[in-house]
Amino acid sequence: MRLDRELTCAELVELVTDYLERSLPVRDVERFEEHLAFCDGCGMYLEQMRATIAVTGRMRERDLPPELEERLLDAFRGWSTA
Amino acid sequence: MERLVSPEEMRLVDGLRAGSEAAFRDLMEMYGASMLRVAQLYVRSRAVAEDVVAETWLAVLKGIGRFEGRSSLKTWLFRILTNTAKTRGEREGRSVPFSALAGDDDEGASVDPDRFLGPEERFPGHWSAPPSTWEPEDRLLAGETLDVVQAAIDGLPPAQALVITMRDIEGFTSEEVRNAMDISETNQRVLLHRARTKVRRALEDYLS
Chain A
1 MRLDRELTCA
11 ELVELVTDYL
21 ERSLPVRDVE
31 RFEEHLAFCD
41 GCGMYLEQMR
51 ATIAVTGRMR
61 ERDLPPELEE
71 RLLDAFRGWS
81 TA
Chain B
1 MERLVSPEEM
11 RLVDGLRAGS
21 EAAFRDLMEM
31 YGASMLRVAQ
41 LYVRSRAVAE
51 DVVAETWLAV
61 LKGIGRFEGR
71 SSLKTWLFRI
81 LTNTAKTRGE
91 REGRSVPFSA
101 LAGDDDEGAS
111 VDPDRFLGPE
121 ERFPGHWSAP
131 PSTWEPEDRL
141 LAGETLDVVQ
151 AAIDGLPPAQ
161 ALVITMRDIE
171 GFTSEEVRNA
181 MDISETNQRV
191 LLHRARTKVR
201 RALEDYLS
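These protein sequences, in sequence, are chains A and B.
Letter 18 of the first sequence, counting from 1, is numbered 18 in the working numbering, and no numbers are missing.
Letter 196 of the second sequence, counting from 1, is numbered 196 in the working numbering, and no numbers are missing.
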């Protein structure tokens, strides 16, 4: 195990999701954050991943198509009066 | 440990059992649009996805009397949805390789290896072509950018598309995704990583 070796950028980009999901062991979180402290490229990469997640989240739609909503309500009424 | 049924969910369950249309409308509002989006990843057409959602609700209504609260209501709903959608997808000859286990396919690196310094360099594995700022910021917010994201998701292997859709579009927790898809924590994370990585790459290509 080379636990104390610095992470390379190529390694860090593979760990970004584990980092954001908080599933990295504490020691690896430290290595990850130590690397970020001096590496602008990786800082930018992490920021882009966060931006990607935020943009993807904007695709959420709350509304059902009205015809489907009517169809489901009809089904419900059929069920509840059966 | 999974969060079990919340008081709010229990109120809706009791409402459904009592035949309350208001409870049904609340549930439809909470989960209907998410169900339709998830269903669409399993079947070929929007029309079939709507059938799947309708079938799911019928199964929910039939089964609500037996719902025991061993999982959250949301988990239970989406288990029924994914099972219904899977069956329908298989019948259509389109099955989603859920069990596509992390690591059994060769996906390559998250970032093109050419963008890092090679082994002969002084700092091997460090950026030679680092990512640059995405500017201007309002481009990120434009409708066309969302089209780029949608196209990138459409191009993903189905299991990756499902995970990113549930997590990042519909806001499910990792546990809710694992329960709906019946996959492991690690598998969920690897699929999410691959999916997000590809969407980031598509955005980078578009914005740079």
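No lab work stands behind these hints: they were computed from the structure.
Positions of the beta carbon are idealized from the N, C-alpha and C atoms, including for glycine.
Among these hints, one or two may not hold up.
Listed below are several chain A residues computed to face chain B (Cβ distance under 10 Å; list not exhaustive) [as the list claims (entries may be wrong)]:
{"id": "1", "residue": "S23"}
{"id": "2", "residue": "V26"}
{"id": "3", "residue": "D28"}
{"id": "4", "residue": "V29"}
{"id": "5", "residue": "F32"}
{"id": "6", "residue": "A37"}
{"id": "7", "residue": "D40"}
{"id": "8", "residue": "T52"}
{"id": "9", "residue": "I53"}
{"id": "10", "residue": "P65"}
To spell it out: a stretch of chain B is covered by chain A in this simulated footprint if at least three of its residues, at any positions, have a beta carbon under 8 Å from a beta carbon of chain A; those stretches are [to be verified]:
{"id": "11", "stretch": "50-58"}
{"id": "12", "stretch": "128-142"}
Take a look, some chain A residues computed to stay more than 12 Å from chain B by CB distance [what the hints assert, rightly or not]:
{"id": "13", "residue": "E6"}
{"id": "14", "residue": "D18"}
{"id": "15", "residue": "E33"}
{"id": "16", "residue": "R77"}
Now for the hints, and whether the structure bears them out:
Taking 10 Å as the C-beta cut-off, the interface hint given for A:S23 holds, the closest approach to chain B being about 6 Å. Evaluation of the A:V26 hint against chain B yields a violated restraint, the C-beta minimum of about 17 Å exceeding 10 Å. Checking A:D28 against chain B: minimum C-beta separation of about 14 Å lies over 10 Å; hint violated. The criterion of a C-beta within 10 Å of any C-beta in chain B is not met by A:V29, whose closest approach is roughly 15 Å, and the hint is violated.
For A:F32, the suggested interface contact is broken, since its CB lies about 14 Å from the closest CB of chain B, more than 10 Å. Using the Cβ-Cβ criterion of 10 Å, the hint placing A:A37 at the interface with chain B is not satisfied: the shortest such distance is roughly 14 Å. A hinted interface residue such as A:D40 counts as satisfied when its beta carbon comes closer than 10 Å to some beta carbon of chain B; here the least separation is about 7 Å, so the hint holds. With its C-beta approaching chain B no nearer than about 4 Å, A:T52 sits inside the 10 Å limit, and its interface hint holds.
Interface restraint check for A:I53: the shortest CB-CB distance to chain B comes to about 5 Å, inside 10 Å, so the restraint holds. Given the 10 Å rule on beta carbons, the hint for A:P65 holds: about 8 Å separates it from the nearest Cβ of chain B. Only when three residues or more bring their CB closer than 8 Å to a CB of chain A does the claim for the stretch 50-58 of chain B stand; here the count is 5, and the claim holds. Note: the stretch 128-142 of chain B has 7 residues with beta-carbon separation from chain A under 8 Å; the three-residue rule is met and the coverage holds.
Non-interface status of A:E6 relative to chain B is broken: a Cβ of that chain comes within 12 Å, the nearest being about 10 Å off. Its beta-carbon lying about 7 Å from the closest one in chain B, A:D18 breaks the requirement of being farther than 12 Å from that chain. No Cβ of chain B comes within 12 Å of the Cβ of A:E33; the nearest lies about 17 Å off, and the non-interface call holds. Separation of A:R77 from chain B is inadequate, the least Cβ-Cβ distance of about 7 Å not exceeding the 12 Å criterion.
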